[in-house]
Amino acid sequence: MNSKFFMSVLVPWSILLPVGIGLFKLNLLPKNARIIWYYLLVSAVINFAASFIGRRLHVNNLPLIHLYTAIEGVLFCWFYKTTLQAPKNSLLFRLLPVLFVLLCIINALFFQSIYTYSSYTRSLEAIMCILFALNYFARMATTNNSKKIILLPAFHFNTGIFLYFSGAFMLFVFSNFIFNLSDADYYIIWVIHAGFVLCMYLFFSTAFLLCKK
Amino acid sequence: MQKVTDNIFLLVLFAMVGTFILVAAFIFFFLKYQRNISRQKEALQKAELEHGEQLLNATLLSQEEERKRIGRDLHDDVGASLSNLKMIMAQNTDITSDKHKPLIDNIITTVRNISHSLSPPGLDLFGLEFTLQELLDTFNTSGGIQVHFENETGKKIDALGEKTALALYRVIQELLSNTIKHAHAKNVFIKFFIANNSIAVTYQDDGKGLSAGNDKKTGMGMQNIEARLKMIQASFTLCTPETKGFFITIQLSQKSN
Numbered sequence: 001m002n003s004k005f006f007m008s009v010l011v012p013w014s015i016l017l018p019v020g021i022g023l024f025k026l027n028l029l030p031k032n033a034r035i036i037w038y039y040l041l042v043s044a045v046i047n048f049a050a051s052f053i054g055r056r057l058h059v060n061n062l063p064l065i066h067l068y069t070a071i072e073g074v075l076f077c078w079f080y081k082t083t084l085q086a087p088k089n090s091l092l093f094r095l096l097p098v099l100f101v102l103l104c105i106i107n108a109l110f111f112q113s114i115y116t117y118s119s120y121t122r123s124l125e126a127i128m129c130i131l132f133a134l135n136y137f138a139r140m141a142t143t144n145n146s147k148k149i150i151l152l153p154a155f156h157f158n159t160g161i162f163l164y165f166s167g168a169f170m171l172f173v174f175s176n177f178i179f180n181l182s183d184a185d186y187y188i189i190w191v192i193h194a195g196f197v198l199c200m201y202l203f204f205s206t207a208f209l210l211c212k213k
Numbered sequence: 214m215q216k217v218t219d220n221i222f223l224l225v226l227f228a229m230v231g232t233f234i235l236v237a238a239f240i241f242f243f244l245k246y247q248r249n250i251s252r253q254k255e256a257l258q259k260a261e262l263e264h265g266e267q268l269l270n271a272t273l274l275s276q277e278e279e280r281k282r283i284g285r286d287l288h289d290d291v292g293a294s295l296s297n298l299k300m301i302m303a304q305n306t307d308i309t310s311d312k313h314k315p316l317i318d319n320i321i322t323t324v325r326n327i328s329h330s331l332s333p334p335g336l337d338l339f340g341l342e343f344t345l346q347e348l349l350d351t352f353n354t355s356g357g358i359q360v361h362f363e364n365e366t367g368k369k370i371d372a373l374g375e376k377t378a379l380a381l382y383r384v385i386q387e388l389l390s391n392t393i394k395h396a397h398a399k400n401v402f403i404k405f406f407i408a409n410n411s412i413a414v415t416y417q418d419d420g421k422g423l424s425a426g427n428d429k430k431t432g433m434g435m436q437n438i439e440a441r442l443k444m445i446q447a448s449f450t451l452c453t454p455e456t457k458g459f460f461i462t463i464q465l466s467q468k469s470n
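Top to bottom, those sequences are chains R and L.
Residue 213 is where the first sequence ends in this note's numbering, and the numbering goes up by one at each step.
Residue 470 is where the second sequence ends in this note's numbering, and the numbering goes up by one at each step.
Among the clues, some could well be false.
Straight-line alpha carbon distances no greater than 30 Å define the calculated BS3-like cross-link-like pairs of lysine-lysine that follow [to be verified]:
no.: 1; chain 1: R; residue 1: LYS88; chain 2: R; residue 2: LYS25
no.: 2; chain 1: L; residue 1: LYS457; chain 2: L; residue 2: LYS421
no.: 3; chain 1: L; residue 1: LYS394; chain 2: L; residue 2: LYS376
no.: 4; chain 1: R; residue 1: LYS147; chain 2: L; residue 2: LYS259
no.: 5; chain 1: L; residue 1: LYS457; chain 2: L; residue 2: LYS399
no.: 6; chain 1: R; residue 1: LYS147; chain 2: L; residue 2: LYS254
no.: 7; chain 1: L; residue 1: LYS254; chain 2: L; residue 2: LYS468
no.: 8; chain 1: R; residue 1: LYS212; chain 2: L; residue 2: LYS254
no.: 9; chain 1: L; residue 1: LYS457; chain 2: L; residue 2: LYS443
no.: 10; chain 1: R; residue 1: LYS212; chain 2: L; residue 2: LYS259
no.: 11; chain 1: L; residue 1: LYS259; chain 2: R; residue 2: LYS213
no.: 12; chain 1: L; residue 1: LYS281; chain 2: L; residue 2: LYS394
no.: 13; chain 1: R; residue 1: LYS148; chain 2: L; residue 2: LYS254
no.: 14; chain 1: L; residue 1: LYS443; chain 2: R; residue 2: LYS147
no.: 15; chain 1: L; residue 1: LYS245; chain 2: R; residue 2: LYS148
no.: 16; chain 1: R; residue 1: LYS213; chain 2: L; residue 2: LYS254
no.: 17; chain 1: L; residue 1: LYS245; chain 2: R; residue 2: LYS147
no.: 18; chain 1: L; residue 1: LYS259; chain 2: R; residue 2: LYS148
no.: 19; chain 1: L; residue 1: LYS245; chain 2: L; residue 2: LYS259
no.: 20; chain 1: L; residue 1: LYS245; chain 2: R; residue 2: LYS31
no.: 21; chain 1: L; residue 1: LYS281; chain 2: L; residue 2: LYS368
no.: 22; chain 1: L; residue 1: LYS443; chain 2: R; residue 2: LYS148
no.: 23; chain 1: L; residue 1: LYS245; chain 2: R; residue 2: LYS213
no.: 24; chain 1: R; residue 1: LYS212; chain 2: L; residue 2: LYS245
Residues of chain L clear of chain R, computed beta-carbon distances all greater than 12 Å [as the list claims (entries may be wrong)]:
no.: 25; residue: GLU266
no.: 26; residue: ALA271
no.: 27; residue: GLU365
no.: 28; residue: ILE370
no.: 29; residue: ASN391
no.: 30; residue: THR415
Which residues of chain L face chain R? A partial, calculated answer using Cβ under 7 Å [to be verified]:
no.: 31; residue: VAL236
no.: 32; residue: ILE240
no.: 33; residue: PHE243
no.: 34; residue: GLN247
These aren't lab readings, by the way, just hints derived from the structure by calculation.
Using N, Cα and C, we set each Cβ at its ideal position, and we do this for glycine too.
One chain only, chain R, in its complex shape:
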């Protein structure tokens, strides 16, 4: 398969698979699955907008990644608040999204220009999601589940998030360094990233398929 087709057609359009399954089962989705569905919608809109701005208008689309990071961070905080069944007045889950958005704004204003990759906040978000994911696994290992874990939608959502953010973490950290690489090397790294994204979408699709009333 052509790597250009993989990165610019197959992976971006593959988001329609979990979005479609989620839409088909929208009434059956529990709260955490709905949050992921909203995330996918936002992700699809921003990715297509970024693609349009970058490829058609030939304008720097990196400001969108700053916005995307903030929204994604908040949505994943919300997702884990529901999945980990945190108390409604949990201080961590009330403060964390607010703090994260504030950090994104401060980063964009004072540290990393909106025309560069938001590597600080993106890395921070990856660490946050990895910790949440590990917390989920720790809970699963210590609680009694009457149902097989492989049949739980939350397990697949969590696995998708965990795999994606762990794999892409180093890319986020060094994203501004790899701008200096040759086009071919730079391209290879983003193809691998696209593979991780596809993997996450497939896990999300499986999770939506497993959602039952």
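Please build the complex by placing chain L on the supplied structure of chain R, with the hints as guidance.
Only chain L this time, still in chain R's reference frame:
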């Protein structure tokens, strides 16, 4: 200081792929661990269930043994003593003994009935059909209810093992007792026939049946029936609440035979 010449491309590539593989392996082993844990739990639950069943079987068996012993003692000791007393009184010609004879006869009959209900005496000697017929006769002669018995299995009913025959006898006894207590029925139909190469029984009455609100499934009587049928590895199906009267089908398995 020596200049670092590491290729950043390779470093990022290795870090990304390495971390991904590491996390994938973590998830794989986590799932494997969870599967082992759930298998162990299942095995433990199964063992507990089997142990519970064994305990229940042992309880039911010892209950039957105890009933048999009490029945035999009543019949052999108390019954014999009463018969002796009756003979002694028959030899005395004074008036008071005549007055007490019917009373003693009544006690002898009661003791015999209790003894028989505790341990059906004909089961070992004459088989299940005869013993059931005897039981049903007592209901038919009482006048409250008419029990219609039909056996399409021929001699197979009497070829059942002692444990199975006794369990079926007790189940029918319990069902009849339920019908009299709760159903306000006039007729009961009991039929033994062959289904799925094994003996099956249907029990039906024309009473008020099981209503949705009146859940007899959880009653002590039904629990007793369920336990006894489970002990002989037989299955049963109850009527739906909409059906007129009470209806149950009991299917013995090859193992119960």
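We went through each hint and held it up to the structure:
no., hint, verdict
1, LYS88(R) to LYS25(R), "26 Å, holds"
2, LYS457(L) to LYS421(L), "7 Å, holds"
3, LYS394(L) to LYS376(L), "27 Å, holds"
4, LYS147(R) to LYS259(L), "17 Å, holds"
5, LYS457(L) to LYS399(L), "13 Å, holds"
6, LYS147(R) to LYS254(L), "12 Å, holds"
7, LYS254(L) to LYS468(L), "28 Å, holds"
8, LYS212(R) to LYS254(L), "25 Å, holds"
9, LYS457(L) to LYS443(L), "26 Å, holds"
10, LYS212(R) to LYS259(L), "28 Å, holds"
11, LYS259(L) to LYS213(R), "29 Å, holds"
12, LYS281(L) to LYS394(L), "25 Å, holds"
13, LYS148(R) to LYS254(L), "12 Å, holds"
14, LYS443(L) to LYS147(R), "27 Å, holds"
15, LYS245(L) to LYS148(R), "12 Å, holds"
16, LYS213(R) to LYS254(L), "26 Å, holds"
17, LYS245(L) to LYS147(R), "15 Å, holds"
18, LYS259(L) to LYS148(R), "17 Å, holds"
19, LYS245(L) to LYS259(L), "21 Å, holds"
20, LYS245(L) to LYS31(R), "28 Å, holds"
21, LYS281(L) to LYS368(L), "25 Å, holds"
22, LYS443(L) to LYS148(R), "29 Å, holds"
23, LYS245(L) to LYS213(R), "27 Å, holds"
24, LYS212(R) to LYS245(L), "24 Å, holds"
25, GLU266, "22 Å, holds"
26, ALA271, "30 Å, holds"
27, GLU365, "45 Å, holds"
28, ILE370, "43 Å, holds"
29, ASN391, "34 Å, holds"
30, THR415, "37 Å, holds"
31, VAL236, "4 Å, holds"
32, ILE240, "6 Å, holds"
33, PHE243, "6 Å, holds"
34, GLN247, "5 Å, holds"
Checked against the numbered hints given earlier, the structure satisfies every one of them.
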